[in-house]
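**Q** Each chain, letter by letter, is given below.
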Amino acid sequence: MRDQILTFLEKNSKIDPRELAILLGSSEEVISNEIKKMEEEQVICGYHTLIDWEKTDSEKVTALIEVRVTPQRGQGFDSIAERIYNYPEVQSVYLISGAYDLLVILQGKTLREVSSFVSDKLSTLDTVLSTATHFILKKYKDYGTIFGKKSKDERMVVTP
Amino acid sequence: MRNPLSQKVQTIQPSGIRKFFDIANEMDDVVSLGVGEPDFDTPWHIRDEGIYSLEKGRTFYTSNSGLKELRTEISRYLQRRCNVTYDPLHEILVTVGGSEGIDLALRAMLDPGDEVLIPQPCYVSYLPCVVLADGVPVTIELKEENEFRLTKEELLEKITDKTKLLILPFPNNPTGAVMRREDLEAIAEVVIEHDLYVLSDEIYSELTYQGDHVSIASLPGMWERTLTINGFSKSYAMTGWRLGYICAPRVLAEQMTKIHQFAIMCAPTTSQYAAVEALRNGDEDVARMREAYNQRRRFLMHAFKEMGLPCFEPFGAFYVFPCIKEFGMSSDDFAMRLLEEEHVAVVPGTAFGECGEGFLRISYAYSIEDLKVALERLGRFIARLRA
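Top to bottom, those sequences are chains D and C. Under the working numbering, think of the first position of the first sequence as 1, with each following residue one higher. Under the working numbering, think of the first position of the second sequence as 1, with each following residue one higher.
Isolated chain C (complex conformation) (with noise of 0.2 Å):
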């Protein structure tokens, strides 16, 4: 028989967090820290809102882009939360999740041989889509030292006359980096200056607790040479629901709703409706989880201080990222005796890249009475191997 798989398919390495997930979903006291999703249930007014719908019977396919109401408030939530304009009409594109987002940007921009910059530590979709989109993934190693913010010496350093795109995954997932808009800004007139495009990830905007999130494409200069990802699986706690957005100047959108058009559809239309009454009446809502969070974050960062664990503090997202090289164990070991001798689930570093190496990805999304335990558990652990 022949080989029913593509050359390229087999090319993919599975996610390093899967060997995990066998092992710990085996266990019936594990203490998960290894999350990427929000601990709180949608709230009840937008569930409500999504039921509702189907009663109904809001049962039918909505347009490519999705309901017209939705990309409408869309448009208005970023121009209030994140200071950019999109036409809703032309210039925005709700999908299945972030995730497929990332996936069109990658199918609609780029052609074989076309580079496309990484920064890691990062979430595990980017490169293995960049390869499906037939693109060539070129990392960039980010540092501790800077606190896992891209600089634009490193950027600089990986630029070539192929480079197509730069993806910035910020607030970050699994470093809890965020950029600052100084920090946005060297990074824009490197774009400008070597004609790249930005597909700019900003799923977890709702997430900062220093500052509010600053957007890419409100640079000057910036609009036209960006894609902006969003969603609402994180700020709602809504990702089961599989519903984001993807907005770029409408010659990009064009086309990526195209290939959405042809492999999609459109995005579930319960979760749409759900999605309107979320961005009208949620402000609330996400300040509350925003807070919660938060308090999550002291609490962990206390902790670990606590424990001599060395952390940079982070500031985004729902995740801490320890260094764990005084143990002189790889993050895949120090991550397996961890699940075994005291039941608690992270996710190493590499599993985002392998200048992850010596970091654990610990999540906060629990509630402080199971980071509790976690952390007892965890202590005892460290001090046991120092011992």
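Just chain D, same shape as in the assembly (with noise of 0.2 Å):
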């Protein structure tokens, strides 16, 4: 049950529990609770809305930073992904495998931004290595979504 909600919530988190009940052969309360605990649990951490933001006005630049980094004895990656993840700037911080250690998304108004603060903010870290930014073109699909793909039902109207 838990693993059906969540399939739908990570689609449509504004689904109606009422309406989600009728399509999982379940009752509204049943549903309301269930997703009530996994917001107590933090199963379900957060509700948010897919942005196309290029079709807005506000100027948006996107970067991906590979982050090389020295672990710290005792905390591994951890304090230093946390000394990352605090700019509120920064979107998503990631721990990877390969040739690099974090993976680091920052949101900025500017490349001027972004490049700041990769130069003073992020460079200047002691445990940091290296660092190598990626600027992010053009978003063609992002959480499953296709961007600005309108599906048109190309089937017959009426068959057999």
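A hint or two may mislead.
As the list claims (entries may be wrong) - Straight-line C-alpha distance at most 30 Å; calculated DSBU-like pairs for lysine-lysine:
#1 Lys55/D x Lys305/C
#2 Lys14/D x Lys60/D
#3 Lys372/C x Lys36/D
#4 Lys36/D x Lys305/C
#5 Lys121/D x Lys11/D
To be verified - Label-pair ranges, simulated between beta-carbon atoms:
#6 Val373/C x Lys36/D: 26 to 34 Å
#7 Arg288/C x Leu137/D: 26 to 34 Å
#8 Arg68/D x Asp87/C: 54 to 62 Å
#9 Gln79/C x Gly148/D: 42 to 50 Å
#10 Lys37/D x Glu357/C: 49 to 57 Å
#11 Ile264/C x Gly148/D: 38 to 46 Å
#12 Lys36/D x Gly240/C: 40 to 48 Å
#13 Lys37/D x Pro14/C: 55 to 63 Å
Since the hints were derived computationally from the structure, they do not count as laboratory data. Remember, it's a predicted structure, so these values are computed and weren't measured experimentally. Every residue, glycine too, gets a C-beta built ideally from N, C-alpha and C.
Combine both chains into one complex, guided by the hints.
**A** Right, dumping it as structure tokens:
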């Protein structure tokens, strides 16, 4: 049941618990309770909106930054990760296997803002060995949703 | 000039669906609940395999009965999902959709005058195909009080000494009815006793929502009397690929292959390569789509309940078959007015046999959002009729 609820909410967090209950053959009360419990347990950590910022007037620049760091004794990568994720302009921080250690996703207003974050704040951290910054030019698909594509029903209207 | 047409072809009525299609097709804001095919795209990994086969230049004929690789996968699949054993070399024939299998079976089996039992309401092809194969179609009216299952009594009533074949189309289009194991056992008993054959059209076998599908060929004494039709259209959302298969004892499969060889040569090669991928790695897609259909089914049943529209709860395919007898008009009139006044396209039950009178086929191969719009209009229409 939890998995089914989460699968729905992941795609549409605005879905009415009553409707969800009908779809899953359950009752509204059961669904609402389960959602509430998952919120308390922080299985559900938040509800966000997927926005195609390109369609708005606001300018935004998103960068992926690969960061190589020296892990610290007793704390591994956790404390350096914390130092980085505490910056509000940082959207995501992932620990990554492979050629580098942390992947930092950063959103800024301008290219200059992003680059000054990298040079002034990120690179100057003691444990950071190197960074490589990639700017995102276009988002085609995010969180399973394809941007700008409206699917049209191409089937014939009536078929046997 | 001489009449170019055969008498036989002239006796065949055009499909009752055509009229609705022509009108609905002209409207631009029509909301349809009238399709008989999945709304999902074919899963990408299956399409990708089709594209890949084209890139590799696999654009030749395959053997008449289909790629051996594909027949092997079909054999494994039927063993795994339906508990029936067919030898990929001699008992499986890959066809152009399940529809070709219907035609092949009837042409291979019937002599003039042989009677074929067709439970109705049912898919539109069986009856004309029987006529084209010189058989005599004998319809059996299924009843709502039996949830449109075929009963032993109904079957017995229509058997004569000319009866050769029973067509068994479950899970059913248009009613959504399924036959449970005990229902099939009762039918099998009669079939064996009267020395009949069964053409079991199981194209919707993956779409059942209460217990697994049972193939009649898996029942004792039935394998040798059964021709099993299945395909990729409904389970893997592959209607346009035109690919299905028919499985039967070798003596039948050989003759059907002969007709297929002269009429068709072989099923589309690209589709066959894609289908291999579907059977090898498509189980999860099938489960995902089945779950989505089931949710929509619950959604529709709930909406009908709220509207007070009587409908037995169907557990198969992607159709519901609500009863509209309370409005005192024919299915055809109801569907036509619904189309004209609210721009919602449904198919009148009569398109699937006379006994579909008083019912509508409503398809739930649509997103919940589309269903909501259509149901709102249908609700409005019904409220107006009742006012």
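**Q** Give a verdict on every hint.
**A** Now for the hints, and whether the structure bears them out:
no. : hint                            : in the structure
1   : Lys55/D x Lys305/C              : violated, 42 Å
2   : Lys14/D x Lys60/D               : holds, 26 Å
3   : Lys372/C x Lys36/D              : holds, 27 Å
4   : Lys36/D x Lys305/C              : holds, 29 Å
5   : Lys121/D x Lys11/D              : violated, 35 Å
6   : Val373/C x Lys36/D: 26 to 34 Å  : holds, 31 Å
7   : Arg288/C x Leu137/D: 26 to 34 Å : holds, 32 Å
8   : Arg68/D x Asp87/C: 54 to 62 Å   : holds, 60 Å
9   : Gln79/C x Gly148/D: 42 to 50 Å  : holds, 45 Å
10  : Lys37/D x Glu357/C: 49 to 57 Å  : holds, 50 Å
11  : Ile264/C x Gly148/D: 38 to 46 Å : holds, 42 Å
12  : Lys36/D x Gly240/C: 40 to 48 Å  : holds, 45 Å
13  : Lys37/D x Pro14/C: 55 to 63 Å   : holds, 57 Å
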